[in-house]
Each structure stands twice: as C-alpha cells, then as structure tokens.
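Heads up: the protein sequence lines correspond to chains A and B, in order. Per the working numbering, the very first residue in the first sequence carries number 1; after that it's consecutive. Per the working numbering, the very first residue in the second sequence carries number 1001; after that it's consecutive.
Some clues are possibly wrong.
What the hints assert, rightly or not - Per label pair, the in silico range of CB-to-CB distance:
(1) A:I219 to B:L1326: 30 to 40 Å
(2) A:G139 to B:L1326: 25 to 35 Å
(3) A:G139 to B:L1220: 57 to 67 Å
(4) A:R117 to B:E1023: 45 to 55 Å
(5) A:E123 to B:G1040: 49 to 59 Å
(6) A:G139 to B:W1029: 39 to 49 Å
(7) B:I1339 to A:E84: 25 to 35 Å
(8) A:P252 to B:R1343: 41 to 51 Å
(9) B:A1044 to A:K83: 50 to 60 Å
(10) A:G139 to B:P1320: 41 to 51 Å
(11) B:R1343 to A:R117: 20 to 30 Å
(12) B:V1292 to A:G139: 36 to 46 Å
(13) A:R117 to B:P1320: 20 to 30 Å
What the hints assert, rightly or not - Every beta carbon over 10 Å from chain B, so not counted as near; a handful from chain A, in silico:
(14) G75
(15) Q94
(16) D181
(17) V261
Rather than coming from a laboratory, the hints here were simulated on the basis of the structure. Positions of the beta carbon are idealized from the N, C-alpha and C atoms, including for glycine.
Each chain is listed here by its residues.
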Amino acid sequence: MLANGSPVPANGPSLLLRGLRKAFADVVAVDGLDLEVTRGECFGLLGPNGAGKTTTIEICEGLTAPDAGTVELLGLNWAGNEKELRQRIGVQLQETQFPDKLTVDETLRLFRSFFHRGLAVEESIRTAQLEEKRYARVGTLSGGQKQRLAMACALVGDPELLFLDEPTTGLDPQARRHLWDLVDGLKHAGRTIILTTHYMDEAERLCDRVAIMDHGRIIALGTPQQLIASIGGEHIVEFAITGHENGDGLDPALVTAIPGVQSHRVDAGVHQLSVRELHTAVPRIFAALTGQGLHLSEFRTHSATLEDVFVDLTGRNLRDE
Amino acid sequence: MSKLEQASLYQLTMVRFRLFWREPEAIFWIFGFPILMAVGLGMAFRNRPPDVLPVGATAVQLTQALAADKGLTASTMNVADGTQALATGRILLLAIQEPAGVAYKYDETNPDARIARMVADRAIQTAAGRREAVHAENQLVHETGSRYIDFVVPGLLGMNLMGSAIWGMGFSIVDSRQKKLLKRLVASPMPRWQYLASYLLSRLAMLVIEVVGFLGFARLIFGVPFRGSIWQLGFLCVLTSLAFSALGLLVASRARTMEAASGLMNLVMLPMWVLSGVFFSATRFPAVMQPVVRALPLTAAIDAMRGNMLQGMNLGQLAPQMGILLAWLVVPFAISLRIFRWR
Chain A
1 MLANGSPVPA NGPSLLLRGL RKAFADVVAV DGLDLEVTRG ECFGLLGPNG
51 AGKTTTIEIC EGLTAPDAGT VELLGLNWAG NEKELRQRIG VQLQETQFPD
101 KLTVDETLRL FRSFFHRGLA VEESIRTAQL EEKRYARVGT LSGGQKQRLA
151 MACALVGDPE LLFLDEPTTG LDPQARRHLW DLVDGLKHAG RTIILTTHYM
201 DEAERLCDRV AIMDHGRIIA LGTPQQLIAS IGGEHIVEFA ITGHENGDGL
251 DPALVTAIPG VQSHRVDAGV HQLSVRELHT AVPRIFAALT GQGLHLSEFR
301 THSATLEDVF VDLTGRNLRD E
Chain B
1001 MSKLEQASLY QLTMVRFRLF WREPEAIFWI FGFPILMAVG LGMAFRNRPP
1051 DVLPVGATAV QLTQALAADK GLTASTMNVA DGTQALATGR ILLLAIQEPA
1101 GVAYKYDETN PDARIARMVA DRAIQTAAGR REAVHAENQL VHETGSRYID
1151 FVVPGLLGMN LMGSAIWGMG FSIVDSRQKK LLKRLVASPM PRWQYLASYL
1201 LSRLAMLVIE VVGFLGFARL IFGVPFRGSI WQLGFLCVLT SLAFSALGLL
1251 VASRARTMEA ASGLMNLVML PMWVLSGVFF SATRFPAVMQ PVVRALPLTA
1301 AIDAMRGNML QGMNLGQLAP QMGILLAWLV VPFAISLRIF RWR
C-alpha cells in the first residue's frame, strides 16, 4: 500500500478496497469487501437492490465512513486528502435533483467553479449532448436529459476517476441506450469509470469487468465473458412440460445425465439447463423427453447472460423483490 | 469567463439570487407584504382630527347642550333605542333625563366612552351655568413620531427582517437537503463555508432592497421620522438580519423535510410575533415575563430600531440591544456549524 502523499505510479490501481465493512443499525450493508480497479477500466458493481452497491460506492466517494477497512483512490486515502481527491474524481449520485429554476448552463457553471481545472462548460454540454437544452431550465428537461446533466456535472472537473450510481435507473429504453453511448465515449477517452447497476444487460454492455454483489459481499468477479463461462454452459435451454398433476414427472437426474448439460434448475414450472454445445445437446434433450413420454409445452434457448450467472450463484433472479 | 465568474463563491451567490428572483411568491412575501401591511395599518390608524364622539340623549335640551361641545355629536332618542345604539356601538354614551338631574349610561371599560362621559358632563354642566374655577388654556402639540404608524413601522421592519432571513435560509437549505442536492455539492470540491456564506451574501444584498424599499415607502407616504443616523440604522438592519440568518441556519441544520422545517420555523417565530412588540409595546407584558421578552432577538431589534428612528439614539445608547443581537448571531451560528447535516 502507498503511504499518503507519496508519488503514485502511473499503473497503480485507481481504486483499492480492503476489508470494507459497514453496518446501519443492525443491517450489514457491506460485509468484508476487497476490490481493485485498474486505470482506464470501466468497472461495474452489479447486484439487486439492497445488495450494498450504493453504500459501497458512497464509501468510495468519501460520503460515508466505513466501519472497518481501507479505501484508496488514486493511491490516496480520504483522511487528509479530501481536498485533492474531490478535485480529481467525478461523482454522479442517485436521485440528485438539481434546482428546477436554474438553466443547464447555470448549473454547469456552478459545478465548474468548484474545480481548479476541468472542461469548459460548452465542452461538458457537448459531451452530454445537451446543446439544444443549454439555456433551458432544468425543470423542463426529460428524465434522460436530467441524467445526462448529472453526468455533465460529474464530468465538468475532467475527473481521473468517475463514479456513476445507477445512471440509467428509471429511464426509458431509448434514453438508456443514449446514456450507454455516452459512457462508451468516456470509456474510449480512457477514463476510469466505476458504475453500479441492477441491469445485467447494462453491465454486460458497458463494463470491462464486473463484480456481482449480494448481501454486501462480492460473489463473483471477472469480465462478463469469464463470468458467463463460469456457469459451465454458454447457452441456456428453457422448457416446460404439459400434463402431470404432481409436478411434471421429470426426473432431474435424467437431464443432467445428458452429455453437454452442465446444470439444471426449475423456476415456476420452467426447467432451465445450462448447455455447452446447443447443436449436440438439444437433440439429446428431445430424445430423452420423448423417451419418457413427456410432451413439451414450451421450448426456447438463449445465450447465457449475467442474469443467468446471478441465478446460478444465488438461486434468485436479479430483480426478485 | 472572467476571474469573478470562475469564483465558486460568486457562482453560489448568483445561484441564490437567480433562485430567489425566479420565485414570484417569495418576492411578494419579502418585498410586497410589509408594504401592504404598513398601508393597511396606516389607513386603520391614520391621523384624524381629534375624535368627535357620538352620544345620545333622551331630551332635546340635553341634546342641544351636548351638541354645543365640538367634541361631541348628539342625537335624541328614547331609552330603549339608546340602549340598543349603545350595544351596537353607534353611540358611546346615553344621557338620560331624570327628575333629579341626568344619568349617564356607558361602558366604563371603553376608554372612548370614559372620555365621552367627561366631555358630556362638562357640556351639560356648562349649559346649566357652571363656570371654571381656574382659567385654563390649551397648547396643542402636532408632532410626527408619536403616531401609531411611527411606532409600528420599526416593528414591521424588524418582523420582516426576521421572516425573510429565517424563511430564506430555512426553506432553501432544507429543500436542497431533501432533493439530495446538498449531498451532491458535498461530493464536489465546493468549500462548505462558501455554501453558507453565499446565503449570507445574497441576504445582505437583498436586505438593501428590502429595507430601502420599505422605509422609503414609509417615509414618502406616512412621513415616518428618521431621527437617528441612517448609517447606524443600516448597521442595525444588517446585524438584525445576520442574527436571524444564524437562527434560520440553526432551524435548517438538521431538518430533512420541508414539513419539519416549517414547523420549526413557526415554533421559533410565533412567540416573537406575539411577544416582541411589533404592534404594541412589549412593556405591556407582566414584569415576570420581561426578562424573557427582552432577551428575544426580535424585541432587541425592534427596540433598537425604535430607539434610532423615533428617539434618535446612537449605537452607544443601543449597546444592550446590540449585545443581545450579537449573542443571537454567534451562538446559533456556532451550534449550526457543529450539527449541520450535509446529506
């Protein structure tokens, strides 16, 4: 670990968390978290609501003090380096409402004035694609535009490290894609980005690496491809069977015995198999079911996603609430 | 951008101005309301020629005797009508002709009625031939500064400075906290003291408009006197406004919702509206309450302003009031800096 104030090697981690712990009353929000994010990386904290993502990111942002553990940003601790760190990071919080009666331009001018160096207001407006709304009052913006304004406020200090807390929650699909393009652009400009989300497609689309969080812990860490590969099969087969009164009469051992089938689970009457090679496994599945005299009412396949990883790890869906 | 425009304190203060000017209701309450209040009170308590008191009498010769006095208007009526007129306030006194002389029917607790009793008796005795034992002559004083409007204008000024400071601080701080804007600002490199300072700076700037507008109006329309130094009055206004800003900051330092904040603000201001002598002298409260009443910032502010405007007192003579205001500035400010909730 680096001592305070010592020169930071250019390839040192942007963010380093060790043994992070935080409890609110008797609820443990973050339960022993270790994490390292390297420079230039777009890192995602993925998990259901209440997994501890926001607490974790707010500890990183120096807004919440951890009960235990160390936090290092750009090689610096919060204690004693707050002024410098605030100059070097950009923050977007969940649910910030900027004053309705200020214009986009005025809001950005205000935030720009807090930083010693940074982007020109015009440039941050251009990056957030709010040119047409520059002199419009914040109260007249759509949800997506407000979120892009929040992004512009986070960017206006030209941060080395950018925190985005659920940047697309509550947005319609089009506004989400718009924001994704924006994050893509920032990524390609080489910024280090740490974002939280409970949308697995968002994490898959944007993040170089993802940590899946549940109950305050990281239960899986890796690139989206690694995580998907970790569940054994790259494809998911889902089917349902008609007929029987007590369950559907399918013995799980029968399907897991099929070569190429990695795992089996049942959710609301739908069987889910993770499968390595679709073209060899599917005919065998059909054959096995027909051999048992079972009739299919549904059958579909999709490529495995982070959602399937989460289901595989926890037995729950990401958005089970 | 110029150097000034890049300064965060400038930007924060400008934001305060913009948000204020874009809120028409706030403008009315701060600038319009006190003037309307002064107009209303000025009309109600306008300087009239000495009141002509309406009285009634049951006999024509009594009516003539009463009407001979310039301070009375008299009409003849029977006892039943007269009693009815007394009850509804159309007359203040009824003179009843009786075999042995005259009886006066009036409400002794009404000061006007007591005056009517004295004037009516004088008129009737004079008509009956009474002569003054001692020759007396009147020297009338017509002086501004002793009218009710002169008394109430400093009171309204103090009340307005209290309201604008406490509402101005309280609502916008709690609103920013509720909307998580405070938390967002704290996540930026904004120096926290500048946030609070921007409120004070914008308050002071608006204070100029507020005070000059209101006092200018009171001077032009009612001829309210300024016997003390205008600069010292300005200083008193600044001190008052800062003291109430500190109190507003304290009120806003923890509240998470607007409802909680407005409850607290009313809790703070209501006792002062009643006790601090805005509309009548605070000396009317019983002696046991006086230490409390005197210690309230609004009482100190209004006393100091009346001292300056009506009695021409200088700051040295107003030191006790200024001391109280200073204490109300320092203590709440120090407490709120310690307990302020930034998120």
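Against the structure, the hints come out as follows:
1. A:I219 to B:L1326: 30 to 40 Å: Violated: the Cβ-Cβ distance is about 59 Å, outside 30 to 40 Å.
2. A:G139 to B:L1326: 25 to 35 Å: 40 Å, violated
3. A:G139 to B:L1220: 57 to 67 Å: 39 Å, violated
4. A:R117 to B:E1023: 45 to 55 Å: At roughly 34 Å between Cβ atoms, E1023 (chain B) and R117 (chain A) fall outside 45 to 55 Å, so the hint is violated.
5. A:E123 to B:G1040: 49 to 59 Å: 54 Å, holds
6. A:G139 to B:W1029: 39 to 49 Å: 21 Å, violated
7. B:I1339 to A:E84: 25 to 35 Å: With a Cβ separation near 27 Å, I1339 (chain B) and E84 (chain A) satisfy 25 to 35 Å, so the hint holds.
8. A:P252 to B:R1343: 41 to 51 Å: Holds - the Cβ-Cβ distance for P252 (chain A) and R1343 (chain B), about 50 Å, lies within 41 to 51 Å.
9. B:A1044 to A:K83: 50 to 60 Å: 58 Å, holds
10. A:G139 to B:P1320: 41 to 51 Å: The hint (41 to 51 Å, Cβ to Cβ) holds, given that G139 (chain A) and P1320 (chain B) are roughly 48 Å apart.
11. B:R1343 to A:R117: 20 to 30 Å: Since R1343 (chain B) and R117 (chain A) have Cβ atoms about 26 Å apart, the given range 20 to 30 Å holds.
12. B:V1292 to A:G139: 36 to 46 Å: About 45 Å separates the Cβ atoms of V1292 (chain B) and G139 (chain A), which means 36 to 46 Å holds.
13. A:R117 to B:P1320: 20 to 30 Å: Hint violated: Cβ distance 52 Å, outside 20 to 30 Å.
14. G75: Per Cβ check, G75 (chain A) is outside 10 Å of chain B; nearest 18 Å; holds.
15. Q94: 8 Å, violated
16. D181: It holds; D181 (chain A) is separated from chain B by about 24 Å at its closest Cβ, greater than 10 Å.
17. V261: 48 Å, holds
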